[in-house]
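*Asks:* Which chain is which? The protein sequence lines are U and L, in order.
Sequential numbering from 1 applies to the first sequence in the working numbering.
Sequential numbering from 1 applies to the second sequence in the working numbering.
Since the hints were derived computationally from the structure, they do not count as laboratory data.
Hints are not guaranteed to be accurate.
Computed cross-link-like contacts, DSS-like style, restricted to lysine-lysine with a CA-CA straight-line distance of at most 30 Å [claimed, not checked]:
#1 U:K136 x U:K3
#2 U:K67 x L:K101
#3 L:K187 x L:K101
#4 L:K203 x L:K187
#5 U:K4 x L:K101
#6 U:K136 x L:K101
#7 U:K136 x U:K4
#8 L:K101 x L:K179
#9 U:K168 x U:K136
#10 L:K101 x L:K203
#11 U:K187 x U:K3
#12 L:K179 x L:K203
#13 U:K67 x L:K187
#14 L:K101 x L:K205
#15 U:K168 x U:K3
#16 L:K205 x L:K179
#17 U:K168 x L:K205
#18 L:K187 x U:K136
#19 L:K187 x U:K168
#20 U:K67 x U:K3
#21 U:K187 x U:K67
#22 U:K187 x U:K168
#23 L:K179 x U:K136
Taking CB as the label site, the calculated pair distances span [stated by the list, open to error]:
#24 L:A246 x U:E60: 36 to 46 Å
#25 L:V249 x U:S171: 23 to 33 Å
#26 U:S25 x L:Q123: 26 to 36 Å
#27 U:P121 x L:A149: 31 to 41 Å
#28 U:R51 x L:K203: 38 to 48 Å
#29 U:R178 x L:A149: 51 to 61 Å
Covered by chain L, according to a simulated footprint, are these stretches of chain U (three or more residues, beta-carbon under 8 Å) [stated by the list, open to error]:
#30 12-20
#31 102-114
Ideal placement from N, C-alpha and C gives every residue a C-beta, glycine not left out.
Each chain, written out:
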Amino acid sequence: MPKKTIAVDLDDTLNDFTQTLRTASFAYDSSYAISEPVFNGYVERLRSGLREDTDLLSTEYSFFRYKIHARCYQLAHAREDGVEFMQWLRRNQWRIVICTHRDLRRANDLTRTWLAENGIPFDHLFTALNKIVFCKAWGIAHLVDDDGFNIAHGGNYGVNVYYPVMEKHRSLQPHAARPFQSFEEVKRWIQE
Amino acid sequence: MDPRVGLLREFSRGFTPGTAKIETEQFGFAFLEQLLADGVRLEYGELTATRLLHKYKLVDIPERRMDEFLQAHIDRGCNVCRYFDARENDVFCFNLDNNHKTENTVVIPEMELAVQALRSCLQDLGFEPLIVASGRGYHVWCRTEAPVANDRLSAFMLRAAVRALMAFHGSGRDHQQIKFNFYPDVKTINVVSLRLFGSVHAKTKVFSHVLGPEGLLGEDASWRAFEHFVRNRAISLALFEQALDALPVAP
Numbered sequence: 001m002p003k004k005t006i007a008v009d010l011d012d013t014l015n016d017f018t019q020t021l022r023t024a025s026f027a028y029d030s031s032y033a034i035s036e037p038v039f040n041g042y043v044e045r046l047r048s049g050l051r052e053d054t055d056l057l058s059t060e061y062s063f064f065r066y067k068i069h070a071r072c073y074q075l076a077h078a079r080e081d082g083v084e085f086m087q088w089l090r091r092n093q094w095r096i097v098i099c100t101h102r103d104l105r106r107a108n109d110l111t112r113t114w115l116a117e118n119g120i121p122f123d124h125l126f127t128a129l130n131k132i133v134f135c136k137a138w139g140i141a142h143l144v145d146d147d148g149f150n151i152a153h154g155g156n157y158g159v160n161v162y163y164p165v166m167e168k169h170r171s172l173q174p175h176a177a178r179p180f181q182s183f184e185e186v187k188r189w190i191q192e
Numbered sequence: 001m002d003p004r005v006g007l008l009r010e011f012s013r014g015f016t017p018g019t020a021k022i023e024t025e026q027f028g029f030a031f032l033e034q035l036l037a038d039g040v041r042l043e044y045g046e047l048t049a050t051r052l053l054h055k056y057k058l059v060d061i062p063e064r065r066m067d068e069f070l071q072a073h074i075d076r077g078c079n080v081c082r083y084f085d086a087r088e089n090d091v092f093c094f095n096l097d098n099n100h101k102t103e104n105t106v107v108i109p110e111m112e113l114a115v116q117a118l119r120s121c122l123q124d125l126g127f128e129p130l131i132v133a134s135g136r137g138y139h140v141w142c143r144t145e146a147p148v149a150n151d152r153l154s155a156f157m158l159r160a161a162v163r164a165l166m167a168f169h170g171s172g173r174d175h176q177q178i179k180f181n182f183y184p185d186v187k188t189i190n191v192v193s194l195r196l197f198g199s200v201h202a203k204t205k206v207f208s209h210v211l212g213p214e215g216l217l218g219e220d221a222s223w224r225a226f227e228h229f230v231r232n233r234a235i236s237l238a239l240f241e242q243a244l245d246a247l248p249v250a251p
């Protein structure tokens, strides 16, 4: 019998990434290689969610954004019910794939450290820009993720998506994904 | 054993042992189980935005398995990328990439300007680099007769890149259209890897041809150029130090 497998996102699913980005204090230092006024302007821009309007892959701002995001990965708090859910998955022999948008080339070590510090078990760590394609290709039927794209499209490709309710989900079109307040609900659904 | 495996092994002798990134369109848990046989561990995997291309960062790869991966690399079953040593290396590489999100496999005039300027700069210093088409630009490899500390290699590459970028001055071209990365880079050791010579670009499926003085070489000629580079082009430590001193300190 195939092993039960689930993919679980990190940012804004198992942690409070956006809240951390908006409220944490980021100290300026010269390693950012920009002036302090530019640094402060970039912090505000990042918090407001404005995207950089450029066709260039690598810019001063993209480097800055990565550094602040990396700091947030370290500072973000784990959801208590999320940690309990992941431990429940392990106790019940689920194969757990952490599936994230993070650039794991740079974030692998600090992501593993954060997971260990918070007692979150997993089997594999994957980064996927399109998680629905990833789940479909790997035969993963369950995805826990906050991203609107995955919520909208999972059902069309046979991937059951469960998402923590957030303000940003108010404007979503009708879809097959299931919103949850507590990971306890997800436990029930994946056993149906 | 395919003699090209031996060449790649010789070229790779200074890289982090037992660690590689494998690029392949194979995926799934059964495949992963095969990949992780013999004690190999997965640090992380990646599904890229290019079709179903996956990348797997593997550690604890036994020598025999590494040779198998190199053979698969030669046979176009996968690409093998290697990580530089954290302290010292006997190869270093300037990685010149087209810095655009779209249409970035086109060789833009800025790329031609930069790679020719870099080649001239290195040749003026007595180096004969191996320049390999990488898909989004070029990998410009140099090899030393013995390992050199990474901070010395980084200092040299920064100075040489600044010298090469001076070609943009007054040319009417924008240097931000291209991106220079240095390998090894003390800031990104263990983070980034480079595809070995002989790879096939993931997007374009084009072989990593060597760029000769007259243009790109064919596949067989590229392998011969690679062999010549591995066997004959090692820079002496004295020449390296002389070249480092000859270049002005970068700001």
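*Asks:* Name the hints, by number, that the structure is in violation of.
*Replies:* Hint check: 5, 15, 17, 18, 19, 20, 21, 23, 24, 25, 26, 28, 30 fail, others pass.
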